[in-house]
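Peer 1: Given chain A's structure and the hints, the job is docking chain B onto it.
So the protein sequences, as listed, match chains A and B.
Note that our numbering has the first sequence beginning at -13, numbered continuously upward.
Note that our numbering has the second sequence beginning at 3, numbered continuously upward.
Don't take each hint at face value.
Claimed, not checked - The calculated lysine to aspartate or glutamate pairs, modelled on DMTMM-like cross-linking and capped at a C-alpha distance of 25 Å, are:
1) B:73 to A:154
2) B:317 to B:297
3) B:73 to B:63
4) B:317 to B:301
5) B:317 to B:303
6) B:73 to A:272
No lab work stands behind these hints: they were computed from the structure.
Fair warning: this is a prediction, and the values are worked out from it, not measured in the lab.
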Amino acid sequence: MERRHLPLGGRLRGPVTLLALAAVPVAVLAVFFVLPVVGMVGRGFRPEGHWDVGGVLDVLARPQVHRVLWFTVWTSTAATAVTLVLGLPAAYVLHRLTVPLRRVVRAALLVPFVLPTVVVGVAFRQLFTGPLAWLHVDGTPWAILAGLVFFNAAVVVRAVGAAWESLDPRPGEAAAALGASPGTVFRTVTLPALRPAIVGAGSVVFLFCATSFGVVLTLGGLRYASVETEIYLLTTNLLDLQGAAALSLLQLLVVVALLLIGARSRPMRTSTQRAPARPRRPRRGDLPQLAVTVLLLAFVALPLATLLIGSLQVDGHWSLANYRALDSTGSHQALLEPATTALNLSLRIAVDATLLALTLGLLVALSVTRRARTRGERRLRGILDALFMLPLGVSAVTLGFGFLVTLDRPPLDLRDSPWLVPIAQALVALPLVVRTLVPALLGIDDRQRQAAASLGAGPWRAVLVVDVPVLWRPLLASAGFAFAASLGEFGATSFLARDENATLPVVIYRLLGHPGAMNYGMALAASCVLAATTAVVMLVVERLRVPSLGVL
Amino acid sequence: MLSLREVSVRYDGSPALTDVSLDLPDGQVLAVLGPSGSGKSTLLRAVAGLEQSTGTIAWDDRDLTGVPTHKRGFALMFQDGQLFGHLTVAANVGYPLRLRHVPRPRRRERVAELLALVGLAGYERRLPGTLSGGERQRVALARALAVEPRLLLLDEPLSALDAGLRGRLAADLRAILVAAGTTALLVTHDQEEAYAVADRLAVVRAGRLVQEGPVAQVWQRPADPETALFLGYARVLEGAPAAAVLAAAGVGHAGPATVAVRRSALVLAEDGPLSGVVVQARATPDQVRLVVDVDGVGEMDAVAGSAAHPGPGEKVRLRADQDRLSILS
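Bound conformation, chain A alone (with noise of 0.2 Å):
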């Protein structure tokens, strides 16, 4: 009798359910982003048809390839320790203290990690060739930097911040109760409880940073490139796929050496917490860490002001032409169609690439958190879990490609399907999607699901009483992260969407191309329109007071 009713597969057991509940995902997985990105590195070893791995090794002795691995490890490494930095001060601020408009500056902290990187890229360069300008930093790797530290500051916030949140507030009053002062509280008892959830964000935020495109590329130009864009210009520019396969591999190899290291800081849940802190009024002593947050949003706030000021201004007079122009193609015939063809595409673009992430996402989240009872199926559940963050750090501009080359012909020929788009977008979006869902999943106590059933659910029924309830807030606000990443996608789409029919993050690069102050204009017009989209759905998910990317 036991066990009859437990649901989600709680009947059926083992690894053939946990496999059966994975396979459409693992199998969109493998054609879409295994078979493309294996068909990418695979050009690369086999140039005429014939193995030639030493080729490839040839590249990486190349000093333009020690150049800029030099190069992404540097400026990743101080992206990431400047943004732990600035970071760990707003977290506790913003998670253990009440300060006016929380929910309002947490909510905008969050629209950088969100905001297409074209549009970061422009933000800040509008930010130094104009007011800023003094600094001398334009073109340089310091404006690089500042803008990754932009993107990321939100994912430490976050993540530590909902780690924060969640402490047990005790064991620090315990410190302090036998005479520890809060530094001593903080260094000894707060730090060591936080250090999983500060590692994990680390490790992904240099990930992120070590795998940014968008911002490197309008950034740094072509003086300064990191693996990800000289992949990109190995690729479109030089056709030299050999050395573009080398260091796609050796950014693979990375990438699954940080999510690993991610996986097992990943912080244990213990719900046993019986004492939730309750945020506290702020005193004379929490003088820094308000500063660091005044500082952290300014830092936020100044480039995108910049970016509307400048939208709003026409050969320095308030004007709203900009916005008008977006309706047009711009001057000397930049886009071949209007950019609010392209706004339009892009949301309908988004509207797919949500449902695809959601559905995949959900098939995942409920795979990888279904009890394991044996430890083979653990280990399997574990593989999973890692399998599907993988896109979260491959080169967009890998697969992107690989899309390009390995899904031309029969019987999978999508190089004119409208799907294509949306397909690479949900697989970007989708570990946000995961990792949302799965801290979700795992609160859950299983004992709630047997007490159901002990009163007589039927499987189904226990899920609709426990689970549903539990996961609509979650799974609204992964719709809403998806919405926005797939929004912003630059990167893959930038190789598969064509000149008639782009989004718009494709839209804004392309006018940052083309000479013109109309142009120029229009796209700052036009990364505008996006960021407020994008700060609008966030806001949403904020509202919705999901823990979101607690645990990525």
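Peer 2: Showing chain B alone in chain A's frame:
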């Protein structure tokens, strides 16, 4: 000496503790007794400096308002110990010593002493996760005592343990506190725990201090019917039933009385002054517990020696034991 004057705590505007005043002389153990949600833990946290409070909390006439927790010299022991899971037992107990820069050899010595005191000699290298609930509480106690606190604050120290262990540990706790000469404030909802450990008793209900005094005095003279029921009295009688029971016990009382009666106040006796009909009888290892419909009083609890076997419907006679009832007014 700890003194509280009109201490109040509010959570988001609603009062959790209202105007509590009490004194705790050095070397004594005070148990704050109250049902869950009565504000007793809030009182403890206010004394520890973990809650913002109004009124005065003073130690030896020095006002502690604005003194942060870590400078008060009070040690707080939580219900579930709150050991630091990433540190060994020795590191947990040595934590406050390290904060006070006690040199390492002396620290090791002191940790061994404290662990011996709580009966856990040789547990230095263990991690908290590998200990049983009772052992964890002992380590937490050793850690709190390591501070040599002016005042030890104990928040339901034994509640998380099962009944048998609780009894043993309560006796140990009393012995350890007396041996260390520690002034302690203990919060609990379990009167047995309070009787076993404390010298003085303070009863808190709905955020207010209802009664305070030596354990025996509070126990024998509850301040009001609710306190009596909370302290383990079975029923509170008024009017004619109260007078009848008092008369049966041979206690003279002028005017109408309110009487709190323990379960064992009425005893089966062939020549007893009260008569009644047995409603229910249940045998326990020591005695037979009865519910009797007593003439002129109503349904009452009573006991009989385990030799007697009165069944429901049987007519019985009862006497009243004056040590087991309390005249409230």
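Peer 1: Taking only the CA atoms, is the gap from residue 73 of chain B to residue 63 of chain B under or equal to 25 Å?
Peer 2: holds (16 Å)
Peer 1: Given the hint that residue 73 of chain B pairs with residue 272 of chain A, test it: the Cα-Cα distance must not exceed 25 Å.
Peer 2: Within the cut-off at roughly 19 Å; holds.
Peer 1: Under the criterion that the straight-line Cα-Cα distance not exceed 25 Å, is the pair residue 317 of chain B, residue 303 of chain B satisfied?
Peer 2: Holds, because 15 Å separates the two Cα atoms, which is no more than 25 Å.
Peer 1: For residue 317 of chain B and residue 297 of chain B, compute the direct alpha-carbon distance and say whether it is at most 25 Å.
Peer 2: Distance ~11 Å between residue 317 of chain B and residue 297 of chain B Cα, so the pair holds.
Peer 1: Can you confirm whether the C-alpha distance between residue 317 of chain B and residue 301 of chain B stays at or below 25 Å?
Peer 2: holds (14 Å)
Peer 1: Holds or violated: residue 73 of chain B and residue 154 of chain A, Cα atoms, limit 25 Å.
Peer 2: holds (22 Å)
The earlier numbered hints are all upheld by this structure, with none contradicted.
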